[in-house]
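Asks: Residue numbers (my numbering), protein chains in the order written: chain A, 1 to 294; chain B, 1 to 294; chain C, 1 to 294; chain D, 1 to 294.
If you are wondering where the hints come from, they were derived from the structure by calculation, not from laboratory data. In this text, a Cβ means the ideal position worked out from N, Cα and C, and glycines have one as well. Certain hints may be false.
Listed below are the simulated EDC-like cross-link pairs for lysine to aspartate or glutamate, each with C-alpha atoms no more than 16 Å apart in a straight line [unchecked claim]:
| hint | chain 1 | residue 1 | chain 2 | residue 2 |
| --- | --- | --- | --- | --- |
| 1 | B | K154 | B | E184 |
| 2 | C | K56 | D | D54 |
| 3 | D | K56 | C | E55 |
| 4 | A | K56 | B | E55 |
These stretches of chain C come out as covered by chain B in the derived footprint (C-beta under 8 Å, 3 or more residues) [what the hints assert, rightly or not]:
| hint | segment |
| --- | --- |
| 5 | 76-84 |
| 6 | 186-194 |
| 7 | 266-280 |
Number of protein chains: 4
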Amino acid sequence: MKSLQGIFSAIVTPFDSSGQLDIEALKANFSLWNKTGLAGYLVLGSTGEVVHLDEKEKLTVLAAARESIPAHMPMIVGTGMHSTDATVAFTKLAAQCAADYALVVTPHYFKSSMTPAALTNYYYKVADTSPIPVLLYSVPQFTGIALSPELIAKLAEHPNIVGIKDSSGDMRVLIQTISLVKPEFSVLTGSAPILYPALIIGAQGAILAVGNFAAKLCYEIFQAFCSQQAETARNQQLKLLTLSEQIASRYGVGGIKYAMDILGYRGGTVRSPLLMPDQTAQTAIQAMLNSFQS
Amino acid sequence: MKSLQGIFSAIVTPFDSSGQLDIEALKANFSLWNKTGLAGYLVLGSTGEVVHLDEKEKLTVLAAARESIPAHMPMIVGTGMHSTDATVAFTKLAAQCAADYALVVTPHYFKSSMTPAALTNYYYKVADTSPIPVLLYSVPQFTGIALSPELIAKLAEHPNIVGIKDSSGDMRVLIQTISLVKPEFSVLTGSAPILYPALIIGAQGAILAVGNFAAKLCYEIFQAFCSQQAETARNQQLKLLTLSEQIASRYGVGGIKYAMDILGYRGGTVRSPLLMPDQTAQTAIQAMLNSFQS
Amino acid sequence: MKSLQGIFSAIVTPFDSSGQLDIEALKANFSLWNKTGLAGYLVLGSTGEVVHLDEKEKLTVLAAARESIPAHMPMIVGTGMHSTDATVAFTKLAAQCAADYALVVTPHYFKSSMTPAALTNYYYKVADTSPIPVLLYSVPQFTGIALSPELIAKLAEHPNIVGIKDSSGDMRVLIQTISLVKPEFSVLTGSAPILYPALIIGAQGAILAVGNFAAKLCYEIFQAFCSQQAETARNQQLKLLTLSEQIASRYGVGGIKYAMDILGYRGGTVRSPLLMPDQTAQTAIQAMLNSFQS
Amino acid sequence: MKSLQGIFSAIVTPFDSSGQLDIEALKANFSLWNKTGLAGYLVLGSTGEVVHLDEKEKLTVLAAARESIPAHMPMIVGTGMHSTDATVAFTKLAAQCAADYALVVTPHYFKSSMTPAALTNYYYKVADTSPIPVLLYSVPQFTGIALSPELIAKLAEHPNIVGIKDSSGDMRVLIQTISLVKPEFSVLTGSAPILYPALIIGAQGAILAVGNFAAKLCYEIFQAFCSQQAETARNQQLKLLTLSEQIASRYGVGGIKYAMDILGYRGGTVRSPLLMPDQTAQTAIQAMLNSFQS
Numbered sequence: 001m002k003s004l005q006g007i008f009s010a011i012v013t014p015f016d017s018s019g020q021l022d023i024e025a026l027k028a029n030f031s032l033w034n035k036t037g038l039a040g041y042l043v044l045g046s047t048g049e050v051v052h053l054d055e056k057e058k059l060t061v062l063a064a065a066r067e068s069i070p071a072h073m074p075m076i077v078g079t080g081m082h083s084t085d086a087t088v089a090f091t092k093l094a095a096q097c098a099a100d101y102a103l104v105v106t107p108h109y110f111k112s113s114m115t116p117a118a119l120t121n122y123y124y125k126v127a128d129t130s131p132i133p134v135l136l137y138s139v140p141q142f143t144g145i146a147l148s149p150e151l152i153a154k155l156a157e158h159p160n161i162v163g164i165k166d167s168s169g170d171m172r173v174l175i176q177t178i179s180l181v182k183p184e185f186s187v188l189t190g191s192a193p194i195l196y197p198a199l200i201i202g203a204q205g206a207i208l209a210v211g212n213f214a215a216k217l218c219y220e221i222f223q224a225f226c227s228q229q230a231e232t233a234r235n236q237q238l239k240l241l242t243l244s245e246q247i248a249s250r251y252g253v254g255g256i257k258y259a260m261d262i263l264g265y266r267g268g269t270v271r272s273p274l275l276m277p278d279q280t281a282q283t284a285i286q287a288m289l290n291s292f293q294s
Numbered sequence: 001m002k003s004l005q006g007i008f009s010a011i012v013t014p015f016d017s018s019g020q021l022d023i024e025a026l027k028a029n030f031s032l033w034n035k036t037g038l039a040g041y042l043v044l045g046s047t048g049e050v051v052h053l054d055e056k057e058k059l060t061v062l063a064a065a066r067e068s069i070p071a072h073m074p075m076i077v078g079t080g081m082h083s084t085d086a087t088v089a090f091t092k093l094a095a096q097c098a099a100d101y102a103l104v105v106t107p108h109y110f111k112s113s114m115t116p117a118a119l120t121n122y123y124y125k126v127a128d129t130s131p132i133p134v135l136l137y138s139v140p141q142f143t144g145i146a147l148s149p150e151l152i153a154k155l156a157e158h159p160n161i162v163g164i165k166d167s168s169g170d171m172r173v174l175i176q177t178i179s180l181v182k183p184e185f186s187v188l189t190g191s192a193p194i195l196y197p198a199l200i201i202g203a204q205g206a207i208l209a210v211g212n213f214a215a216k217l218c219y220e221i222f223q224a225f226c227s228q229q230a231e232t233a234r235n236q237q238l239k240l241l242t243l244s245e246q247i248a249s250r251y252g253v254g255g256i257k258y259a260m261d262i263l264g265y266r267g268g269t270v271r272s273p274l275l276m277p278d279q280t281a282q283t284a285i286q287a288m289l290n291s292f293q294s
Numbered sequence: 001m002k003s004l005q006g007i008f009s010a011i012v013t014p015f016d017s018s019g020q021l022d023i024e025a026l027k028a029n030f031s032l033w034n035k036t037g038l039a040g041y042l043v044l045g046s047t048g049e050v051v052h053l054d055e056k057e058k059l060t061v062l063a064a065a066r067e068s069i070p071a072h073m074p075m076i077v078g079t080g081m082h083s084t085d086a087t088v089a090f091t092k093l094a095a096q097c098a099a100d101y102a103l104v105v106t107p108h109y110f111k112s113s114m115t116p117a118a119l120t121n122y123y124y125k126v127a128d129t130s131p132i133p134v135l136l137y138s139v140p141q142f143t144g145i146a147l148s149p150e151l152i153a154k155l156a157e158h159p160n161i162v163g164i165k166d167s168s169g170d171m172r173v174l175i176q177t178i179s180l181v182k183p184e185f186s187v188l189t190g191s192a193p194i195l196y197p198a199l200i201i202g203a204q205g206a207i208l209a210v211g212n213f214a215a216k217l218c219y220e221i222f223q224a225f226c227s228q229q230a231e232t233a234r235n236q237q238l239k240l241l242t243l244s245e246q247i248a249s250r251y252g253v254g255g256i257k258y259a260m261d262i263l264g265y266r267g268g269t270v271r272s273p274l275l276m277p278d279q280t281a282q283t284a285i286q287a288m289l290n291s292f293q294s
Numbered sequence: 001m002k003s004l005q006g007i008f009s010a011i012v013t014p015f016d017s018s019g020q021l022d023i024e025a026l027k028a029n030f031s032l033w034n035k036t037g038l039a040g041y042l043v044l045g046s047t048g049e050v051v052h053l054d055e056k057e058k059l060t061v062l063a064a065a066r067e068s069i070p071a072h073m074p075m076i077v078g079t080g081m082h083s084t085d086a087t088v089a090f091t092k093l094a095a096q097c098a099a100d101y102a103l104v105v106t107p108h109y110f111k112s113s114m115t116p117a118a119l120t121n122y123y124y125k126v127a128d129t130s131p132i133p134v135l136l137y138s139v140p141q142f143t144g145i146a147l148s149p150e151l152i153a154k155l156a157e158h159p160n161i162v163g164i165k166d167s168s169g170d171m172r173v174l175i176q177t178i179s180l181v182k183p184e185f186s187v188l189t190g191s192a193p194i195l196y197p198a199l200i201i202g203a204q205g206a207i208l209a210v211g212n213f214a215a216k217l218c219y220e221i222f223q224a225f226c227s228q229q230a231e232t233a234r235n236q237q238l239k240l241l242t243l244s245e246q247i248a249s250r251y252g253v254g255g256i257k258y259a260m261d262i263l264g265y266r267g268g269t270v271r272s273p274l275l276m277p278d279q280t281a282q283t284a285i286q287a288m289l290n291s292f293q294s
């Protein structure tokens with residue numbers, strides 16, 4: 001099993017100006033990302049606008065991604081759907097596309113019905129049938145559902161559930177999770193603002209949307225952590241926090257894609273109902289990026 | 001345009017014990033529902049587990065429903081998808097299946113990006129292209145997004161946006177909405193616990209999940225309101241509140257389907273990750289229904 | 001025991017420009033309020049800035065209020081403090097000042113410790129020792145704690161707990177409460193936007209902050225309800241909603257006091273950290289009031 | 001000005017079995033705490049049940065505390081009241097009792113009125129008149145109000161506002177705050193579960209309720225941080241998280257006092273409406289403490 005350590009990027013799915021998949025742009029991005037120190041990629045995650053793609057498009061993206069991702073680097077694929085059966089089916093498809101891991105978001109439409117019993121039943125069914133190892137995905141800002149450390153620990157007992165992307169940004173959840181799971185369970189944060197403290201406390205790495213345009217900065221923090229350069233890690237973390245809050249959190253996927261375009265990547269456009277940043281937002285993003293490059 | 005006044009049922013989609021669509025059960029239910037005083041139906045809504053159906057299944061359900069619904073009664077169809085394009089496409093399909101109205105849930109995955117501007121852009125695009133009139137659908141308990149009265153009023157200016165199902169249960173939103181929109185805009189509550197007060201304050205009707213198993217009670221409240229029998233309306237409303245809270249709210253779609261089975265309908269099972277009520281819950285539902293029939 | 005039926009005003013405590021109690025202004029207000037159809041008054045409630053008064057000031061206000069309130073009209077006094085002992089002591093003082101009812105807010109600083117057991121223990125101790133009947137007060141927008149219908153019903157079993165002011169504005173809580181308590185338990189809403197529907201469903205009345213400057217409008221709704229003039233009640237309710245949302249909810253106590261000054265009452269100033277409306281807000285309040293008087 | 005670096009304990013106020021202040025118990029506790037490596041104390045904070053004390057009791061506690069706290073150790077005193085004038089007055093009293101710092105909680109009863117403008121006005125008035133330096137106190141779990149990093153940075157510009165106790169437990173707020181304020185502004189976390197990551201990212205220390213019964217463990221983490229023993233710090237942090245979540249968070253002040261009694265301190269009882277742990281909770285606390293001592 002390929003290692004889940006280090007910085008992973010939750011990649012965007014580029015669309016051209018007419019809203020169609022832009023696979024050339026995707027490949028161009030990989031040719032740049034592959035030089036940044038990233039440990040691997042999450043394809044078809046939230047930032048990849050997976051909810052805006054139909055199945056055929058998803059398979060096209062997966063094929064192009066796998067072709068562009070070096071064989072030794074893990075390709076994690078977002079495979080969560082609303083129903084258990086749909087998740088099971090798409091996880092199998094992703095495995096056939098040479099995905100290394102399936103990242104499975106908590107089901108969330110019927111929020112009050114998503115009891116620990118329902119979630120356990122769901123994740124066990126998915127993990128039982130998945131040909132590839134499963135990662136949990138807790139992202140309450142999108143789903144309204146946060147996995148508790150106790151439930152994560154219970155789910156981690158399944159032999160085919162091998163890790164979690166926790167995007168809650170709640171350090172207490174992260175620490176408590178680490179204290180409850182076995183050491184080989186991969187705890188990855190999805191929250192750039194807490195990357196360095198997460199590593200310090202025992203997270204093996206992170207899967208980050210800012211990896212699309214600030215992969216090198218993320219990697220520097222990881223390297224500084226590994227080589228115990230606390231001062232560097234701390235300073236770079238403060239920069240990363242600002243970039244993450246002011247671009248990714250404030251302007252969402254559109255903000256990330258716009259920043260990519262400025263920095264030589266090919267972000268392209270978003271699909272409606274998402275909107276690209278308006279003029280004011282564009283100016284703010286440009287200024288933000290300038291301030292970090294000067 | 002068929003009238004949107006009175007009680008509509010947000011119907012379940014019955015599945016057999018293997019989880020497959022049970023169209024016979026659906027037809028059997030309609031033969032009972034059609035005798036209850038209901039004004040029409042919502043097909044493929046939240047309670048219909050629309051998120052658990054693929055497109056082919058949706059079209060099968062629509063065909064069977066249209067066949068079972070008397071021609072003079074409106075068939076409202078839930079057509080909201082994550083992307084604007086997907087919503088536009090499925091709304092057209094629904095119109096081809098002789099839907100009378102499209103009910104379009106707020107897009108909600110990227111919650112913080114769903115600004116008034118993004119929602120307006122979305123609904124206008126859908127309404128511009130829809131062959132049938134559009135109803136807004138605000139259901140924060142499932143989506144995390146509540147349409148404000150101000151935004152509803154703005155959206156109501158579009159000639160093809162003709163009403164709203166507001167399931168927030170927030171009477172202030174309902175009253176304020178009614179005070180802001182033109183009289184022909186249909187304000188329907190999706191919250192059974194506030195049916196009678198909603199009517200009193202000017203709502204034209206309701207689209208209710210409890211309509212699956214308590215349509216007659218809902219209709220009695222509507223009739224009592226129309227004939228100004230305040231005491232009857234109030235008493236029946238207290239009953240409806242209890243049924244709604246103790247069955248629909250507490251046990252979700254599984255609770256509704258189990259209650260249907262008890263009462264001679266054919267609820268069938270739910271699709272995972274939803275669970276049917278456990279033994280304790282079944283006993284509670286049975287007791288609750290007994291207490292209302294005695 | 002004086003009746004708790006009709007519209008009660010949750011009166012402000014006027015301060016002069018130096019921030020001192022302005023008892024003359026208070027008396028002048030009563031001389032106007034007493035002609036509006038109000039059924040009684042809540043003194044030292046949230047709107048009365050009770051948290052900004054020391055004990056001596058509270059007693060001064062109580063004395064002046066009792067003197068100004070006709071003997072047949074109930075004077076309800078807010079007596080809730082943080083500790084049980086402090087609440088017990090001040091409730092006794094209020095009774096000595098001829099209060100008719102004690103309104104006791106949920107204790108709330110240690111929110112997560114305020115379990116049903118803790119709240120029951122609290123309210124029973126207060127009710128056991130209070131010389132006057134006790135009203136519960138649930139106001140989650142200020143306290144972060146909402147009393148559930150089940151807990152209200154349990155507390156209502158105490159012979160000296162005779163009613164509730166529910167300011168949650170949640171109609172479901174109100175209806176469910178009414179369905180659970182004995183008929184002589186007084187359910188009063190504290191939410192002007194839902195006054196008429198609350199009456200329709202069985203509330204005996206309301207205790208309202210907008211009673212400070214719109215007592216007559218509130219009373220008209222109550223009268224229209226009593227005489228079954230549904231159209232009038234509904235129309236006036238829409239007006240009341242707007243006034244309440246645009247003045248009381250948006251600008252708080254300062255907004256209420258400013259509106260009072262415009263309408264011939266003597267609101268005076270607020271105590272810091274509250275602020276009076278700024279110039280923009282003042283203009284908006286003036287325009288809002290003009291639109292209702294023309 | 002005495003240094004605000006290291007671990008501070010937010011001390012409890014012991015009451016005897018009749019609910020009266022137990023000053024002997026307080027002094028006995030100090031004689032133990034003073035040997036644990038603590039850098040100083042917060043007196044009359046949330047954990048000190050300041051809301052359950054009258055002014056005379058507060059002054060009694062302050063006198064006893066100052067007598068027991070070595071002269072070189074800072075005594076921080078919670079001085080926030082509901083009104084600005086009351087806070088100003090009590091802050092002066094605290095200074096007269098030889099407090100070194102005033103910790104001023106955000107005013108919070110009128111939550112929606114506590115805009116940045118209102119909070120700035122409040123804190124500047126308090127800081128302008130305070131004879132001693134002021135610390136901000138953000139504790140949303142009790143107040144419903146969280147100070148944002150931007151507002152903290154603005155308030156930090158006042159020369160007499162010298163630090164913050166942030167009990168939100170939100171690492172993003174902490175990091176962003178540190179990135180915005182000048183280096184001499186003291187950022188102290190109030191959240192034991194994130195102590196070590198907070199230090200790593202630049203917090204100068206912490207003010208902790210668990211300091212009442214686990215001061216040594218907190219101090220070990222601080223020492224391990226200072227001497228760059230990452231493994232020790234991490235391991236002790238996991239222990240501290242569990243103690244904090246399972247005793248302080250789960251059972252509140254009563255849990256802390258019960259744990260103190262077990263460990264040789266004199267916690268005593270809590271004041272109503274708080275309750276002491278019931279039998280089940282007592283057993284759990286005892287078991288939790290045993291597991292850490294074996």
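Asks: Now tell me if each hint is right for this structure.
Replies: Verification of the hints:
| no. | hint | verdict |
| --- | --- | --- |
| 1 | K154(B) with E184(B) | holds (15 Å) |
| 2 | K56(C) with D54(D) | holds (14 Å) |
| 3 | K56(D) with E55(C) | holds (14 Å) |
| 4 | K56(A) with E55(B) | holds (14 Å) |
| 5 | 76-84 | violated (count 0) |
| 6 | 186-194 | holds (count 3) |
| 7 | 266-280 | violated (count 0) |
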